[in-house]
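Student: Letter by letter, the chains look like this.
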Amino acid sequence: MSSTSRITHADNIGKSHLVMKFPRFTKRWEFVLLVILLAICFFNASVSPYFLNLHNIFDSTQNFSEKAMLVLSMTLIIILGDIDLSVASIIALCGTVVGWLALNGAGTPVLVAASLVVGTVAGIINGGIIVWFQVPAIVVTIGTMSLFRGIAYIVLGDQAFTSFPDDFSDLGQGYLGGLIPYEFIVYVVLAILFAVFLHRTIFGRTIFAMGNNAQAALYSGIKVNAIRFWLFSVNGAMAGLAGVLFTSRVGAVRPNMAYGWELEVVAAVVLGGVNIMGGSGTVPGVVLSVLVFGMLSFGLGLLNVPGILMTIITGCLLIATIAVPIIAKRLSAYRF
Amino acid sequence: MQRLLQRREYQLAAIIVLVVGLITLRAPVFLSMGSIDTIVTDGAILTMMALVQMLAILTRGIDLSVSANMALTGMVAALVSKSHPEMAASTAILLSLGLGLLLGAINGVMIAYVGIPPIVVTLGTMSIYRGMVFQASGGAWVNAHQMGSAFIEFPTLRFLGLTSIVWIAAVLLVAGYLFFNHFRKGRELYALGSNPAAARYVGINSTHNQMLVYTLIGLVSGLCGFLWVARYAVAYTEIALGFELQTVAACVIGGVSMAGGRGTVLGCLLGSAFLVIIFNALPIINVSPFWQMAISGAVILLAVVLNSRSERTRTKLILKSAQLVAAGRAS
Chain G
1 MSSTSRITHA
11 DNIGKSHLVM
21 KFPRFTKRWE
31 FVLLVILLAI
41 CFFNASVSPY
51 FLNLHNIFDS
61 TQNFSEKAML
71 VLSMTLIIIL
81 GDIDLSVASI
91 IALCGTVVGW
101 LALNGAGTPV
111 LVAASLVVGT
121 VAGIINGGII
131 VWFQVPAIVV
141 TIGTMSLFRG
151 IAYIVLGDQA
161 FTSFPDDFSD
171 LGQGYLGGLI
181 PYEFIVYVVL
191 AILFAVFLHR
201 TIFGRTIFAM
211 GNNAQAALYS
221 GIKVNAIRFW
231 LFSVNGAMAG
241 LAGVLFTSRV
251 GAVRPNMAYG
261 WELEVVAAVV
271 LGGVNIMGGS
281 GTVPGVVLSV
291 LVFGMLSFGL
301 GLLNVPGILM
311 TIITGCLLIA
321 TIAVPIIAKR
331 LSAYRF
Chain H
1 MQRLLQRREY
11 QLAAIIVLVV
21 GLITLRAPVF
31 LSMGSIDTIV
41 TDGAILTMMA
51 LVQMLAILTR
61 GIDLSVSANM
71 ALTGMVAALV
81 SKSHPEMAAS
91 TAILLSLGLG
101 LLLGAINGVM
111 IAYVGIPPIV
121 VTLGTMSIYR
131 GMVFQASGGA
141 WVNAHQMGSA
151 FIEFPTLRFL
161 GLTSIVWIAA
171 VLLVAGYLFF
181 NHFRKGRELY
191 ALGSNPAAAR
201 YVGINSTHNQ
211 MLVYTLIGLV
221 SGLCGFLWVA
231 RYAVAYTEIA
241 LGFELQTVAA
251 CVIGGVSMAG
261 GRGTVLGCLL
271 GSAFLVIIFN
281 ALPIINVSPF
291 WQMAISGAVI
301 LLAVVLNSRS
311 ERTRTKLILK
321 SAQLVAAGRA
331 S
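Just so you know, the sequences run in chain order G and H. For the first sequence, the positions run 1 to 336 when the numbering used here is used. For the second sequence, the positions run 1 to 331 when the numbering used here is used.
Chain G with its partners taken away, still in its complex shape (with noise of 0.2 Å):
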């Protein structure tokens, strides 16, 4: 697309047009993301010397690893053109369901597969009824954001499980060669799992033609309604697998745990570069994104910050990351 033209369409948010005369990569969202994210770890490097240790980074990806994978999952529905805000609740009806099974007497391998299972199920019921009775995903996972962590709450109350088998716990604070935590493996396993999936398969590529265009898609013979079905699957699988990490890594159940993740996680896709709006979006960029935020927050930690000014600045991002390539392109447009 020529640098004079005037529209300025919403598909096009995703790449950045602030750079005119660099190479070509440099163009890509993904770079400004790495260019960002090279910033604020030399800002953090600079202001504190706690920064810089290997342990220490490491230690800090638990605090984001379990939203990133949410992330992954996520990116594929908004690609989809959809939105699944019942994510977080999925996670606290999980670890709900973790912590009664844990109090009478179930072992680990049983617990995880019970969080993967409600997690699924959780998923199954989202996109059946998007699908069955074909409503918007907004006001479906809307509703199962309250019904899943209202179930949450009957059950719980304001109480909460505390007591888990021994060796729970290894789940989300056990660490490979005592340096790298099992959890950021597996995110690491999925996200490259997710980019092959997204970007190497025929399946990948039909999610960006539904997210493009459904219509034209279901004429083209991609069984458009199966795919919305499992993507919601998919998403409530990786909730169940993210809620009983979570659970394991903070050893308490209370119904309101991740309470408010589900925006976190959406900002974090669209900071990756996904379009809010469906078809198009990258797994690197939201990698990224995750980092971006991770190493933020990290940052904000190490200079004692209050949590609440990160909500100040996720905000902020978010906003500023679709509204300065439209802008920077409208003021291109009028300058040439």
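These are computed hints drawn from the structure, not numbers from a lab. It is possible that part of the hints are untrue.
Now the in silico label distances, taken between C-beta atoms and shown as ranges [what the hints assert, rightly or not]:
1) G:Asp59 x H:Val17: 53 to 63 Å
2) H:Ser90 x G:Val188: 58 to 68 Å
3) H:Val174 x G:Val35: 50 to 60 Å
4) G:Cys316 x H:Gly139: 47 to 57 Å
Idealized CB from N, CA, C, for every residue including glycine.
Starting from the known structure of chain G, fit chain H onto it as the hints suggest.
Tutor: For chain H alone, kept in the frame of chain G given last:
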């Protein structure tokens, strides 16, 4: 189509009567004057907020920042009242309206003029405004004894037996009814929501209308923020947390279509009434308030499914499944 819509609202009204009847059989105290007074006053804020949320949903948008807007304006009003306890209630209202308007206008500029999808903008401003409540208050609470007496007493002032909150809501509902049904601007919003392309061809300016929508939402959110803080006589960072979803729920239950272009003031009122009645009835029939969340979730899902039935018969289908795909996608 009009008849279908009417029927949906009659159905909802019938369900509400049925629910109230069942609850009253179990606990007659539910229909006492004191109980009704509480329900009406509690429901007034939700009804007003659902009404303005409908503005956004009608035009295929959504405003997730309403509760954060309420919290911020409420907190600022409370802080001003703390430092100037002698402040008149009218000053506090003007202040809240102004601040709410400003916060809404920020949303409006980003959505209408920059062209960012409403869900992204309001998701972002939701975090920003909520964070600013903490920044403004330093995380501290403002309690009843710190606020001025005129400030706290305003929402419970009574006129003809009803609290001032209820009167304000009633005036807003009437104004909303007139606006949506008898004003050109109101009809333009329906047109924009039903078919944005066609609306554009007949000369409806979507930029101006969107700006109007989100500014109005901000204005009413500001007012409700003040009313909320004054009524409960306490301000803290988490006021009205998650309330934005209740406003959306009230709209959905009231038959406002998330696909845009369909919804009525009566539907909003009934949807809000339904939620408030259920919430207030739980403690009376000895159900733990912890059931509130799950019940509202289940009700939303039920309403969504029922709405999808009535919406589906609306258009002639050429290729059935293709039409369904289009209807099912998020706006």
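Student: Work down the list of hints and note, for each, if the structure agrees.
Tutor: Here's how the hints hold up against the structure:
Evaluation of the 53 to 63 Å hint for G:Asp59 and H:Val17 yields a pass: the beta carbon distance comes to about 59 Å. At about 60 Å, the beta-carbon gap between H:Ser90 and G:Val188 stays in the expected band of 58 to 68 Å. The hinted range of 50 to 60 Å is satisfied by H:Val174 and G:Val35, whose Cβ atoms lie roughly 55 Å apart. The hinted window of 47 to 57 Å between G:Cys316 and H:Gly139 is violated, with their beta carbons roughly 20 Å apart.
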